[in-house]
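S.K.: Note that the working numbering has the sequence shown beginning at 1, numbered continuously upward.
Treat the hints with caution; some may be incorrect.
Stated by the list, open to error - Listed next, the in silico EDC-like pairs over lysine to aspartate or glutamate satisfying Cα-Cα at most 16 Å (straight line): (1) Lys38 - Glu58; (2) Lys70 - Asp88; (3) Lys36 - Glu46; (4) Lys36 - Glu58; (5) Lys187 - Asp390; (6) Lys185 - Glu384; (7) Lys185 - Glu379; (8) Lys50 - Glu179; (9) Lys85 - Glu179; (10) Lys187 - Glu379; (11) Lys331 - Glu312; (12) Lys56 - Asp37; (13) Lys185 - Glu365.
Quick caveat, the hints were computed from the structure, so don't treat them as lab data.
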Amino acid sequence: MATATVSRKPQTAVVAARGRARAEVSALQTFVWSGKDKRGQAIKGEYAAKNMSLVKAELRRQGINPTSVKAKPKPLFGSAGKTIKARDIAVFSRQISVMMQAGVPLVQGLDIIAGGQQNVRMKNMLTAIKNDIEGGSTLHEALAKFPVQFDELFVNLVKAGEAAGVLDTVLDTVATYKENIESLKGKIKKAMFYPAIVLAVATIVSAILLIFVVPQFEQVFKGFGADLPAFTQMIVSASRFMTKYWYVVLLSLGGTIAGLIFLYKRSPAFAHFCARAVLKLPVIGQILHQSAIARFARTLGVTFRAGVPLVEALDSVAGATGSPIYNAAVKRIREDVAVGHQLQLAMRQVQLFPNMVVQMVAIGEESGALDKMLFKIAEFYEEEVNNAVDALASLLEPFIMVIIGTLVGGMVIGMYLPIFKLAAVVG
1 MATATVSRKP QTAVVAARGR ARAEVSALQT FVWSGKDKRG QAIKGEYAAK NMSLVKAELR
61 RQGINPTSVK AKPKPLFGSA GKTIKARDIA VFSRQISVMM QAGVPLVQGL DIIAGGQQNV
121 RMKNMLTAIK NDIEGGSTLH EALAKFPVQF DELFVNLVKA GEAAGVLDTV LDTVATYKEN
181 IESLKGKIKK AMFYPAIVLA VATIVSAILL IFVVPQFEQV FKGFGADLPA FTQMIVSASR
241 FMTKYWYVVL LSLGGTIAGL IFLYKRSPAF AHFCARAVLK LPVIGQILHQ SAIARFARTL
301 GVTFRAGVPL VEALDSVAGA TGSPIYNAAV KRIREDVAVG HQLQLAMRQV QLFPNMVVQM
361 VAIGEESGAL DKMLFKIAEF YEEEVNNAVD ALASLLEPFI MVIIGTLVGG MVIGMYLPIF
421 KLAAVVG
């Protein structure tokens, strides 16, 4: 089984690599050309290159006599192209995997995929990768120039596949891995998005009522000449504060959210505290636990099957769990495995993994089928996450209705209490 060495670049080297990647992509320009082939027939197309001379040279190399080559005009909006997302990389992984398994040469496959891209940034990146390979670089070396899109795990898997001569098989495994991970991320976002958007709407509606609706009722109440009920008075006081100091509330809310995000990104201790608190939430915490275990198992299974040694595989897995808690736990597992402990024993020590997971890993180690066991674990917990997310929507609906009813319905009742009181007096 081939091994792959995990390269540890200093932070400055990673930053420099990102800078070179951006410069290389931005240096490419799309040219529109027209010309005649060897039969004298007119043909036209597009080609991405650093300058016009390279386009003409490439066309002549293909037996085309260029009659016109000019820079493609940039659209007024979105000329830089959309951001390259993780799902774009997953689709690319599947495309290049299918092409290589079909016998299409790597360079030609990259050229075909780049030609079909609507996103300018994605197209330029793939063209730059293709040009690097044509210049003598290996695929993993070309991918490593884009560390934002192709992380260390992706590059190391490709490197292992190239070293073992099974690049097409590894690319297929990577494509499946990327698709599963993106699907899992989508389910987690779905679980978080629904309650968050409903609560946000409830908050906005409440603010609108306090700022625009309640003051109208307050003008009506002044003509009653009687004291308002305590609940109504509380709502009126809140309305006066919101009407007068709405910008203070808005700035305070925005500042608090920005401050929490800043602390989360800058302070590992605060990020660890938040992650642990979220994992203790009912239902959602369980989904995040299951998601982290699924990502751990699938990522470790993919790297181990690709021929990456276990210690180095764990090093790549740590950042793929999506949780600071599990990230720290995997790093501790790596340290234990590095000094000779069995994986199942190291996993048991961190006290995060269910007994079933530890036992399946132990069986995998004993039978020499650790990668298969890890994939079974991943499939089981991915299915658990899928079921939990589906159940979460139905569980949250009554809870959300209670919150909306309390916020909005409470204010409506508070506004009508004086009217009910007046009607009782008149009656």
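S.K.: Has the given pair, Lys185 with Glu379, been kept, meaning a C-alpha gap of at most 16 Å?
M.R.: 14 Å, holds
S.K.: Decide if the proposed pair is consistent with the structure: Lys56 and Asp37, CA atoms, cutoff 16 Å inclusive.
M.R.: 13 Å, holds
S.K.: Taken at face value, is the distance from the CA of Glu46 to the CA of Lys36 at most 16 Å?
M.R.: Answer holds: Lys36 to Glu46 is near 14 Å, not above 16 Å.
S.K.: Would you mind confirming whether the straight-line C-alpha gap from Lys331 to Glu312 stays at or under 16 Å?
M.R.: With a Cα-Cα distance of about 11 Å, the restraint between Lys331 and Glu312 holds, given a limit of 16 Å.
S.K.: Please verify whether Lys50 and Glu179 have alpha carbons no more than 16 Å apart.
M.R.: Outside the cut-off at roughly 33 Å; violated.
S.K.: Tell me if the straight-line CA distance from Lys187 to Glu379 falls inside 16 Å.
M.R.: Roughly 14 Å separates the two Cα atoms, so the pair holds.
S.K.: CA of Lys38 to CA of Glu58, is that 16 Å or under?
M.R.: Holds, at roughly 15 Å.
S.K.: Given the hinted pair Lys70 and Asp88, is their Cα-Cα distance within 16 Å?
M.R.: It is violated: about 29 Å lies between the C-alpha atoms, which goes past 16 Å.
S.K.: Taken at face value, is the distance from the CA of Glu365 to the CA of Lys185 at most 16 Å?
M.R.: 29 Å, violated
S.K.: Would you mind confirming whether the straight-line C-alpha gap from Lys36 to Glu58 stays at or under 16 Å?
M.R.: 14 Å, holds
S.K.: Is the hinted pair Lys187 and Asp390 satisfied, with a Cα-Cα distance of at most 16 Å?
M.R.: Answer holds: Lys187 to Asp390 is near 9 Å, not above 16 Å.
S.K.: Within 16 Å, alpha carbon to alpha carbon, are Lys185 and Glu384?
M.R.: 14 Å, holds
Comparing the model with each earlier hint shows violations of hints 2, 8 and 13; every other hint is respected.
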